[in-house]
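Each chain is listed here by its residues.
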Amino acid sequence: MTLDAAIRLTEVLLALAFIQQGAEHLRRFRDEQVLFLVRTALCVFVILGIGAPWPLGGLALLSLVILHRFRGPYNGGSDRMGLLALWCLVLSQVLPTEKAREIAFGYLGAQLVLSYLIAGWVKIRNPDWRSGRALRQVFAFSVYPVSERARDWAARPRVLFAMSWAVILFELAFPLTLVSQPSLVVGLALAAAFHLANACLFGLNRFFWTWLAVYPAIVWLQGRLF
Amino acid sequence: MIPALRLLLPALIPSWNFFDVIGDSPRLEYALLRSPDEAAPDWLEFRPRPERVPLLAMLGRLFWNARWNETLFVAGRADWLIDEPTEHSRNEIFHRIAADLADRTDREAAWLTFRIALLSELEGKIVREIAFVSEPRRLSTISVR
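Here the protein sequences come in this chain order: F and A. Take my numbering: the last position of the first sequence gets the number 336, and nothing is skipped along the way. Take my numbering: the last position of the second sequence gets the number 271, and nothing is skipped along the way.
Do not take every clue at face value.
To be verified - Covered stretches of chain F, as calculated for chain A (at least 3 residues, CB under 8 Å): (1) 130-136; (2) 170-177; (3) 186-194; (4) 207-215; (5) 228-235; (6) 253-261; (7) 310-321.
To be verified - FRET-style restraints, in silico, Cβ to Cβ: (8) F:L136 / A:H214: 21 to 27 Å; (9) F:T112 / A:A257: 49 to 55 Å; (10) F:V296 / A:G250: 38 to 44 Å; (11) A:W190 / F:R181: 24 to 30 Å; (12) A:R264 / F:L136: 25 to 31 Å; (13) F:R181 / A:I139: 15 to 21 Å; (14) A:G250 / F:W275: 19 to 25 Å.
Claimed, not checked - Away from chain F, derived, C-beta distances all over 12 Å, residues of chain A: (15) A157; (16) R160; (17) S161; (18) P162; (19) R187; (20) W206; (21) D226; (22) E234; (23) A235; (24) L238; (25) T239; (26) V259; (27) R264.
The hints are simulated quantities; they were obtained by calculation from the structure and are not laboratory data. Cβ coordinates follow ideal geometry from the N, Cα and C atoms, glycine included.
Starting from the given sequences, assemble the full structure and let the hints guide the process.
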């Protein structure tokens with residue numbers, strides 16, 4: 111995949127993810143409606159490729175207003191990845207040299223790899239994750255399970271032990287998938303399944319779409335490095 | 127603009143330490159009062175979870191999950207309110223509870239208060255501790271739009 115194709119695909123996927131998120135803000139409060147209607151309009155310009163790179167620049171500036179409105183990201187990690195992707199895309203379009211554009215977009219791909227690797231590293235260092243206790247606590251009393259029935263998973267320590275190690279090993283092994291394009295495709299398919307499970311069990315739908323939007327960056331980076 | 131740039135920085139240099147430690151978990155409860163000094167209010171859980179969510183609904187929530195994402199946002203602000211209390215977090219919580227109650231029938235209860243319970247695990251048992259109780263606020267002064 112060429113740099114330009116990867117950037118274009120990422121910006122379209124990110125704009126679609128932003129439209130999905132923005133729609134969720136249109137149902138209730140007037141100030142949010144205004145902010146997210148403007149964002150949706152800018153996303154449509156990005157998807158149609160009109161006036162590039164100004165709509166992306168507008169989204170970046172608007173992201174600061176939205177951060178100020180909520181005094182931080184509305185939905186934690188998923189919004190942070192969206193912001194990272196947005197600002198890397200802006201830089202990869204406006205920086206003057208090909209090398210600088212590659213570094214800005216490559217940084218996004220590298221951060222995607224780190225998002226799995228570091229998440230795995232902090233878990234394997236924690237004895238509660240290694241024993242399955244941490245995941246049991248997530249199901250037992252955290253705010254995330256979407257239903258009371260989902261909390262029943264907390265009563266299955268052996269399954270949660272296996273699930274904990276599956277998550278830890280997958281996250282730590284993810285960088286190894288960069289060795290070839292086929293292995294990366296397998297790695298990304300597993301990662302998408304992981305995000306889908308999180309969306310179903312914990313209602314984290316924004317993670318699913320935002321992380322998927324960044325996949326072209328890692329596909330491009332893999333081709334560039336190996 | 128500078129405070130917003132400061133908020134942007136953790137996104138540009140992320141830590142990615144998701145779920146590194148499972149900390150205390152907040153539960154938001156609210157009560158409607160007839161007067162600000164009403165004793166022993168009847169606390170209700172803010173948006174209790176459904177008993178179950180069918181698979182089809184789970185998949186539908188990939189595309190539309192506004193209520194749940196707002197519930198997680200409110201839980202996040204409840205966490206902040208305990209760690210680093212700000213008027214903004216307090217206002218957000220009042221604002222969103224009041225919006226949920228906009229269609230209530232009991233108009234005599236003109237005051238709203240909320241509290242935050244923290245759930246944690248102690249010697250294998252889940253324990254619950256009230257960590258924050260808000261001052262009552264007159265409902266008519268809270269924006270619901």
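Consistency of the hints with the structure:
1. Judged by the Cβ-Cβ criterion of 8 Å, the stretch 130-136 of chain F is covered by chain A as claimed, because 4 of its residues qualify and three suffice.
2. Note: the stretch 170-177 of chain F has 4 residues with beta-carbon separation from chain A under 8 Å; the three-residue rule is met and the coverage holds.
3. Coverage of the stretch 186-194 of chain F by chain A holds in this model, with 7 residues showing a Cβ closer than 8 Å to a Cβ of that chain against a need of three.
4. Figure legend: the stretch 207-215 of chain F, annotated as covered by chain A; annotation inconsistent (0 residues with Cβ-Cβ distances under 8 Å, at least 3 required).
5. With 4 residues carrying a beta carbon less than 8 Å from a beta carbon of chain A, the stretch 228-235 of chain F meets the three-residue requirement, and the given coverage holds.
6. Closer than 8 Å: that is the beta-carbon criterion, and the stretch 253-261 of chain F has 8 residues meeting it against chain A, so the requirement of 3 holds.
7. With 6 residues carrying a beta carbon less than 8 Å from a beta carbon of chain A, the stretch 310-321 of chain F meets the three-residue requirement, and the given coverage holds.
8. In this structure the supplied range 21 to 27 Å holds for L136 (chain F) paired with H214 (chain A), their Cβ-Cβ distance being about 22 Å.
9. Distance hint for T112 (chain F) and A257 (chain A): a CB-CB separation of about 53 Å, consistent with the stated range 49 to 55 Å.
10. Evaluation of the 38 to 44 Å hint for V296 (chain F) and G250 (chain A) yields a pass: the beta carbon distance comes to about 39 Å.
11. Against the hinted window of 24 to 30 Å, the Cβ-Cβ separation of W190 (chain A) and R181 (chain F) comes to about 25 Å, which satisfies the hint.
12. Our hint of 25 to 31 Å for R264 (chain A) and L136 (chain F) holds, since their Cβ atoms are close to 29 Å apart.
13. Distance hint check for R181 (chain F) and I139 (chain A): the Cβ-Cβ separation is about 19 Å, which falls inside the suggested range of 15 to 21 Å.
14. The given range of 19 to 25 Å is respected by G250 (chain A) and W275 (chain F), whose C-beta atoms sit roughly 22 Å from each other.
15. At roughly 20 Å from the closest C-beta of chain F, the C-beta of A157 (chain A) stays outside 12 Å, upholding its exclusion from the interface.
16. With a minimum CB-CB distance of about 27 Å to chain F, R160 (chain A) clears the 12 Å threshold, and the non-interface call stands.
17. Against the 12 Å criterion, S161 (chain A) stays outside the reach of chain F, whose nearest CB is about 28 Å from its own CB.
18. With a least CB separation of 26 Å from chain F, P162 (chain A) remains clear of the 12 Å interface cut-off, as annotated.
19. For R187 (chain A), the requirement that its beta carbon stay farther than 12 Å from each beta carbon of chain F is not met, with the minimum near 6 Å.
20. Distance check on W206 (chain A): its Cβ comes as close as 8 Å (rounded) to a Cβ of chain F, failing to clear the 12 Å threshold; non-interface status is violated.
21. Interface exclusion of D226 (chain A) from chain F breaks down, the closest Cβ pair being 10 Å apart, not more than 12 Å.
22. The beta carbon of E234 (chain A) is kept farther than 12 Å from every beta carbon of chain F, the shortest such distance being approximately 26 Å.
23. No Cβ of chain F comes within 12 Å of the Cβ of A235 (chain A); the nearest lies about 22 Å off, and the non-interface call holds.
24. Here L238 (chain A) stays apart from chain F, with its beta-carbon at least about 17 Å from theirs, past the 12 Å limit.
25. In this structure T239 (chain A) is separated from chain F by more than 12 Å, as the shortest Cβ-Cβ distance comes to about 21 Å.
26. Every CB of chain F is more than 12 Å from the CB of V259 (chain A) (nearest about 19 Å), matching its label as outside the interface.
27. At roughly 20 Å from the closest C-beta of chain F, the C-beta of R264 (chain A) stays outside 12 Å, upholding its exclusion from the interface.
Hint compliance for this structure: hints 4, 19, 20, 21 are not met, and every other hint is.
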